[in-house]
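**Q** Protein chains in written order, with the working numbering: chain A, 1 to 330; chain B, 1 to 565.
Hints should not be assumed to be uniformly reliable.
Label pairs and their calculated CB-CB ranges [said to hold, decoys possible]: (1) B:453 to A:14: 27 to 37 Å; (2) B:422 to A:138: 54 to 64 Å; (3) B:453 to A:138: 17 to 27 Å; (4) B:19 to A:63: 36 to 46 Å; (5) A:201 to B:182: 36 to 46 Å; (6) B:278 to A:318: 50 to 60 Å; (7) B:102 to A:117: 46 to 56 Å; (8) B:398 to A:14: 13 to 23 Å; (9) A:39 to B:398: 26 to 36 Å; (10) B:137 to A:138: 55 to 65 Å; (11) A:23 to B:19: 36 to 46 Å.
In silico negatives: residues of chain A with every beta carbon more than 10 Å from chain B [as the list claims (entries may be wrong)]: (12) 117; (13) 125; (14) 157; (15) 174; (16) 232; (17) 248.
Chain B is faced by these chain A residues, among others (derived, beta-carbon under 8 Å) [unchecked claim]: (18) 50; (19) 52; (20) 78; (21) 79; (22) 83; (23) 85; (24) 89; (25) 91; (26) 105.
None of these hints come from the bench; they were simulated from the model.
Think of the CB as a built atom: it goes at the ideal place given N, C-alpha and C, for glycine as much as any other residue.
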Amino acid sequence: MSDLKIEHISKSFGSVTVLSDISLTVESGSFVTLLGPSGCGKTTLLRIIAGLETADTGSITCGDRTFVNAEQGRFADPQDRKLGFVFQDYGLWPHLTVAENVAFPMRMAKAPAAEIEVRVAEVLGVVRLSEHAEKLPEQLSGGQKQRVSIARALSGKPQLILFDEPLSNLDANLREELGQEIRILSKQFGLTCVNVTHDRREAQILSDQIALMKDGVIHQLGRPEDMFRQPRDVWAAQFLDAGNILPANRELPGGNGSAAEVLVPRGAFELTDNGQGIVVEVLNCIFIEDRYEVTARFNGDIIKVFSPRYLTMNETVTLAVREEDLVRFD
Amino acid sequence: MTTDKSAEKGRRLRPALFGLSTFLLIVIVGFPVLAIIMFALFPYINELSFREPFNVLLPNLSNPRLIEATLNSLSLSFAVTILSAVIAVPLAYMRARFPLRLGRIWDACYLVPFLIPPYFGSLAWMQLLQRKGFIEQWLGFNMADFLFSFPGIVTVMALHLFPLIYFTTSNAFAIIGSRYGDVAKVFGGRPVQVFFRIYLPMVLPALLSSSLIVFILTIEEFGTPEILGSRFGYEVIVTSIHEKFSDWPIDLPGASVLSLILIFIAFFAFQAHQKLSDKFQTTVENQTIDRRGEPLPPVYLAIVILIFGSIFVLAVVLPIVTVGIAAFMDTVSGGVTADNMSFKNLLGLFDRESEAWGAILTSLSLAVMAAIGTVVIAIIVAFTIVRLRSAATVFLDFLTILPNSVPGMAVAVGLILTWNQPWWPVTPYNTPLILLLAYLCLMLPYPIRMVTAALRQLPKSLDDAAYISGASELVVIRQVLAPLLLPIALAAGFIVFAISTRELVSSIMLAPAGVETVATYVFHQFDQVSVGSGMAMSLVAILVSGSIIAFGQKLQGKNRTGDGS
Numbered sequence: 001m002s003d004l005k006i007e008h009i010s011k012s013f014g015s016v017t018v019l020s021d022i023s024l025t026v027e028s029g030s031f032v033t034l035l036g037p038s039g040c041g042k043t044t045l046l047r048i049i050a051g052l053e054t055a056d057t058g059s060i061t062c063g064d065r066t067f068v069n070a071e072q073g074r075f076a077d078p079q080d081r082k083l084g085f086v087f088q089d090y091g092l093w094p095h096l097t098v099a100e101n102v103a104f105p106m107r108m109a110k111a112p113a114a115e116i117e118v119r120v121a122e123v124l125g126v127v128r129l130s131e132h133a134e135k136l137p138e139q140l141s142g143g144q145k146q147r148v149s150i151a152r153a154l155s156g157k158p159q160l161i162l163f164d165e166p167l168s169n170l171d172a173n174l175r176e177e178l179g180q181e182i183r184i185l186s187k188q189f190g191l192t193c194v195n196v197t198h199d200r201r202e203a204q205i206l207s208d209q210i211a212l213m214k215d216g217v218i219h220q221l222g223r224p225e226d227m228f229r230q231p232r233d234v235w236a237a238q239f240l241d242a243g244n245i246l247p248a249n250r251e252l253p254g255g256n257g258s259a260a261e262v263l264v265p266r267g268a269f270e271l272t273d274n275g276q277g278i279v280v281e282v283l284n285c286i287f288i289e290d291r292y293e294v295t296a297r298f299n300g301d302i303i304k305v306f307s308p309r310y311l312t313m314n315e316t317v318t319l320a321v322r323e324e325d326l327v328r329f330d
Numbered sequence: 001m002t003t004d005k006s007a008e009k010g011r012r013l014r015p016a017l018f019g020l021s022t023f024l025l026i027v028i029v030g031f032p033v034l035a036i037i038m039f040a041l042f043p044y045i046n047e048l049s050f051r052e053p054f055n056v057l058l059p060n061l062s063n064p065r066l067i068e069a070t071l072n073s074l075s076l077s078f079a080v081t082i083l084s085a086v087i088a089v090p091l092a093y094m095r096a097r098f099p100l101r102l103g104r105i106w107d108a109c110y111l112v113p114f115l116i117p118p119y120f121g122s123l124a125w126m127q128l129l130q131r132k133g134f135i136e137q138w139l140g141f142n143m144a145d146f147l148f149s150f151p152g153i154v155t156v157m158a159l160h161l162f163p164l165i166y167f168t169t170s171n172a173f174a175i176i177g178s179r180y181g182d183v184a185k186v187f188g189g190r191p192v193q194v195f196f197r198i199y200l201p202m203v204l205p206a207l208l209s210s211s212l213i214v215f216i217l218t219i220e221e222f223g224t225p226e227i228l229g230s231r232f233g234y235e236v237i238v239t240s241i242h243e244k245f246s247d248w249p250i251d252l253p254g255a256s257v258l259s260l261i262l263i264f265i266a267f268f269a270f271q272a273h274q275k276l277s278d279k280f281q282t283t284v285e286n287q288t289i290d291r292r293g294e295p296l297p298p299v300y301l302a303i304v305i306l307i308f309g310s311i312f313v314l315a316v317v318l319p320i321v322t323v324g325i326a327a328f329m330d331t332v333s334g335g336v337t338a339d340n341m342s343f344k345n346l347l348g349l350f351d352r353e354s355e356a357w358g359a360i361l362t363s364l365s366l367a368v369m370a371a372i373g374t375v376v377i378a379i380i381v382a383f384t385i386v387r388l389r390s391a392a393t394v395f396l397d398f399l400t401i402l403p404n405s406v407p408g409m410a411v412a413v414g415l416i417l418t419w420n421q422p423w424w425p426v427t428p429y430n431t432p433l434i435l436l437l438a439y440l441c442l443m444l445p446y447p448i449r450m451v452t453a454a455l456r457q458l459p460k461s462l463d464d465a466a467y468i469s470g471a472s473e474l475v476v477i478r479q480v481l482a483p484l485l486l487p488i489a490l491a492a493g494f495i496v497f498a499i500s501t502r503e504l505v506s507s508i509m510l511a512p513a514g515v516e517t518v519a520t521y522v523f524h525q526f527d528q529v530s531v532g533s534g535m536a537m538s539l540v541a542i543l544v545s546g547s548i549i550a551f552g553q554k555l556q557g558k559n560r561t562g563d564g565s
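Taking the hints into account, I'd like the entire structure generated from these sequences.
**A** Here you go:
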C-alpha cells in the first residue's frame with residue numbers, strides 16, 4: 001500500500017511560522033482536501049509534499065519512498081517524487097500542443113515513443129479530449145484546459161496526485177461537473193489525492209476527508225458530513241457556513257445549559273402552527289434551487305432558514321427547532 | 001536524493017545565475033556610477049587616497065558657470081516638456097474621437113520621430129532655416145535668429161519629443177473611455193466642463209509621468225544643445241561636461257560633479273515617473289480599450305485632420321525631406337538645382353577605402369555585439385529577478401533600474417573615470433571595447449524591461465509543472481522558458497541594434513583616436529562643412545535603423561497580442 005504519511009512537518013519563513021507540527025495520513029486511494037482561509041498554510045503544505053518547498057522539521061513518506069526527512073536533511077527533488085500536479089491556473093505550456101503537454105512527463109522519464117503515443121491517446125480519451133490532441137492550449141475553454149492538466153497529471157501513472165484549487169478558475173456549473181468527474185476518475189484509478197482549497201463547496205464535492213486548517217495547524221479532521229454536522233467550535237462553524245450561530249438562549253431548546261453559543265443548522269428549523277417554538281419576523285424570502293430560503297429576525301439576531309412555502313415580508317411565523325441537530329459551544 | 005538544503009530544491013543553477021548577473025551589472029552599471037560619486041567626493045581617489053574630500057565638490061557647486069549651466073538645463077527641460085504637452089494633449093484628446101482606422105494611420109505617422117535620432121533633426125532644421133539655407137533659397141528669408149535662440153531649441157526638441165506624451169496620453173484617454181464622461185453628461189456636465197473636470201484629472205498621472213520622461217530625455221540630450229546652442233553661447237550641463245574634456249587640462253573632478261548633478265536630477269525625475277505611472281494603473285477600474293468617443297461631424301473632422309497634418313509636416317516631413325535633399329546635393333553652395341544633384345555622396349559612403357565605410361562597419365559590429373550582449377544579460381537577469389525573488393534580488397533590482405536614470409554623458413564620464421586609471425592591468429579604455437561597454441550600459445534597460453515583463457506574464461506553474469513532470473532546471477530553461485521568450489528577446493535585440501548604430505554622446509566622448517561611428521561621422525562632417533556626406537550618412541542611418549526599430553516593435557506587438565503562442 002502507498003499511504004502518504006505526513007509527520008511533524010513545520011515551516012517558518014523568517015519569523016513567521018506557517019506550519020507547526022502537522023501530522024496527517026492520507027490512505028492509499030483516498031481523497032483528502034486541505035481546507036482553510038488564505039494564510040493558513042495549506043498551499044505551503046502542498047508545495048512541501050510536491051518538493052517545491054522544503055520543510056524545517058518532520059518527514060513525509062509515500063509507501064516505501066521517502067519524500068522528506070528534515071532531520072537527516074533529505075529532500076527528494078520534485079522530479080524524483082513521481083507525482084501528478086493539477087494547478088489552479090492549469091500550468092499548460094502555451095507553445096506545446098495538448099498532446100505534447102500530456103506527453104511531457106513521459107518524455108522526461110525517457111519512455112519509448114510508441115508507448116508515449118498509446119498512453120497519450122489513452123489519457124486524452126479518459127478526459128474526453130481525444131479530438132483536441134493537436135490544438136494549442138489557448139484554443140481550449142477553461143474547463144478543457146483543466147482536463148488537459150488532469151490528463152498530464154495522470155499520464156505518468158503516478159500513485160499520488162496533488163491538486164491546487166483545481167476548480168476555482170471555473171464558473172459554477174462547470175465546477176460541479178468537473179469536480180464530479182475528478183472524483184469518479186480518482187476512484188476508478190485508485191488514486192491517492194491531496195487537494196488544497198479555500199472553497200468549502202469544492203472540498204465537499206471532491207473529498208473523502210477534509211482537513212480544516214487554521215493558523216498553520218490542522219484544526220479539525222473528518223468526513224465532510226461529520227465536519228459540517230459537528231464543527232469543533234464557532235470559528236469552524238462560521239468558516240464552513242454550517243448554519244446560524246446564536247447566543248445560547250432560554251427560548252432555544254436546551255439553551256439554558258452551560259453553553260455560550262449554539263449552532264442551529266438551517267434545516268433544523270421547521271414551520272409550525274401549534275405555537276411551540278421561536279417566533280421570528282420574516283425579512284426576505286427567495287427561491288433557491290428547490291426551496292425557499294428565508295432571512296428572518298429572531299430577537300436581535302438575523303437567521304437563515306429553509307421553508308417549503310413562500311413567506312411574505314414582515315410576516316411573523318413560529319418555527320419549531322429540532323433539538324438533536326443543535327451543536328453547543330462553550 | 002540530495003543532501004544539501006537550499007531554499008528551493010533542485011535549483012542549483014540559480015545561485016550561479018544570481019552571482020553572474022550581479023557581477024555583470026556591477027561591472028557594467030555599478031562601476032561607472034560609483035566612479036562618478038567617488039571622484040566628485042574624493043578628487044584624489046585615482047591615487048587611492050581619500051585626502052581633501054569635498055575639495056572639488058564645494059567650489060564647483062558655487063561656480064557661476066556651473067550654476068548657469070544647471071539653470072539652463074532645468075529651464076530648457078521645463079520649457080520643452082511644457083511645449084511638448086501643449087502640442088500632445090489636444091492631439092491625444094482628439095485622437096480618441098477618430099474613426100478607428102484613421103487613428104491608427106496617425107499613430108503610425110507620429111511613431112516616425114522615435115525612429116530619428118534628435119541630432120539628425122537639429123542638423124536638418126539648421127540646413128533649412130539658417131542663412132542661405134533651403135528656406136532662404138526658396139522663399140527669400142531665413143529664420144536663423146529664431147533657430148539659434150532659446151525658443152528655437154525648445155521648439156526643435158519639443159517637435160521631436162511630443163509623441164512620447166501623445167502616445168501615453170492618448171492611450172490613457174482610450175483606457176478611460178467615454179463612460180466616465182457619459183456619466184458626467186448625464187448629471188449635466190457641458191463638454192468643456194467634462195474635459196477639465198473629468199478627463200484631464202483622470203489622465204493627469206499618465207500625462208505627468210510621460211512628461212517626466214520628456215524632461216529626462218531633454219536634460220540628457222547632447223546633440224541639439226551642442227549643435228544649436230553653441231552658436232549663441234547657450235551652455236547646458238551636458239555640453240559643459242563635453243567642454244571639460246575638450247579643453248586642456250581635462251577637469252575630471254569637475255566633470256564628475258556635473259555628472260553627479262545630472263544623475264541626481266534624472267534619478268528623482270525617473271522615480272517620480274514610476275510612481276505616477278503605477279498610480280494611473282491603479283486608479284482606473286475595468287480597463288477596456290474598445291470604447292471610443294462619439295464620432296466627429298465631417299467639418300470638425302476635416303479641421304482635426306488639418307491640425308494633425310500640420311504637426312506631422314513640421315515634426316516629420318520637413319526634417320526628413322531636408323535630409324533627403326541635402327544628401328543628394330554635390331555642394332551646399334550650389335543650391336537646390338538639378339545639376340547640383342547626384343548620388344555622389346551616397347555612393348561615397350560605400351567606398352571601401354573611405355572613412356565613412358569604416359564608420360559604418362564599426363557601428364554595425366558594435367551594435368551586433370551590444371544587441372547580443374544586452375539580450376543575453378537581460379535573460380539571465382530576468383530569470384534571476386522574476387523566478388528567484390528573494391531579499392538578495394532587491395540590490396539586483398536596483399542595479400537594473402539604475403541605468404534608466406544615468407544619462408549617456410554620465411555613463412561616458414563614469415567609464416572614463418573607471419577605466420582611465422593606471423592601476424588596471426588591462427583596460428578597454430582607448431579601444432573600441434569601451435564603446436561596447438557604454439552601449440551595454442545605455443541599452444540594458446530596454447531588453448531587461450521587455451524580457452522581465454514577458455517572463456512575469458508566464459505563470460510560475462509552467463516551471464513547477466515541468467519540475468514535477470521530472471524536468472531538470474536546464475530542461476525547464478531550454479524547453480519551456482526559452483521558446484516562450486524567444487520572440488521578445490529577438491524584438492529587444494533588434495531595437496538595441498538599431499539604437500546602438502546611431503548613439504551619439506558616449507561615442508563622441510569615448511571613441512579612440514581614428515575610430516569613427518556613424519553618429520560621430522555625421523557630427524564631424526558638419527564641423528568640417530562636408531554637409532553632403534553627413535546628410536547622406538544620416539539618410540542611410542534613418543532608413544536602416546528606423547526600419548529595424550519598426551520591425552522590432554512589430555515583433556514585440558505581435559508577441560503581446562498573440563499571448564506567447
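**Q** Now, for every hint given, state plainly whether the structure supports it.
**A** Quick rundown of the hints versus the structure:
{"no.": "1", "hint": "B:453 to A:14: 27 to 37 Å", "in the structure": "holds, 29 Å"}
{"no.": "2", "hint": "B:422 to A:138: 54 to 64 Å", "in the structure": "holds, 59 Å"}
{"no.": "3", "hint": "B:453 to A:138: 17 to 27 Å", "in the structure": "holds, 19 Å"}
{"no.": "4", "hint": "B:19 to A:63: 36 to 46 Å", "in the structure": "holds, 39 Å"}
{"no.": "5", "hint": "A:201 to B:182: 36 to 46 Å", "in the structure": "holds, 39 Å"}
{"no.": "6", "hint": "B:278 to A:318: 50 to 60 Å", "in the structure": "holds, 58 Å"}
{"no.": "7", "hint": "B:102 to A:117: 46 to 56 Å", "in the structure": "holds, 53 Å"}
{"no.": "8", "hint": "B:398 to A:14: 13 to 23 Å", "in the structure": "holds, 21 Å"}
{"no.": "9", "hint": "A:39 to B:398: 26 to 36 Å", "in the structure": "holds, 29 Å"}
{"no.": "10", "hint": "B:137 to A:138: 55 to 65 Å", "in the structure": "holds, 59 Å"}
{"no.": "11", "hint": "A:23 to B:19: 36 to 46 Å", "in the structure": "holds, 39 Å"}
{"no.": "12", "hint": "117", "in the structure": "holds, 17 Å"}
{"no.": "13", "hint": "125", "in the structure": "holds, 20 Å"}
{"no.": "14", "hint": "157", "in the structure": "holds, 13 Å"}
{"no.": "15", "hint": "174", "in the structure": "holds, 20 Å"}
{"no.": "16", "hint": "232", "in the structure": "holds, 33 Å"}
{"no.": "17", "hint": "248", "in the structure": "holds, 45 Å"}
{"no.": "18", "hint": "50", "in the structure": "holds, 6 Å"}
{"no.": "19", "hint": "52", "in the structure": "holds, 6 Å"}
{"no.": "20", "hint": "78", "in the structure": "holds, 4 Å"}
{"no.": "21", "hint": "79", "in the structure": "holds, 4 Å"}
{"no.": "22", "hint": "83", "in the structure": "holds, 7 Å"}
{"no.": "23", "hint": "85", "in the structure": "holds, 5 Å"}
{"no.": "24", "hint": "89", "in the structure": "holds, 5 Å"}
{"no.": "25", "hint": "91", "in the structure": "holds, 3 Å"}
{"no.": "26", "hint": "105", "in the structure": "holds, 4 Å"}
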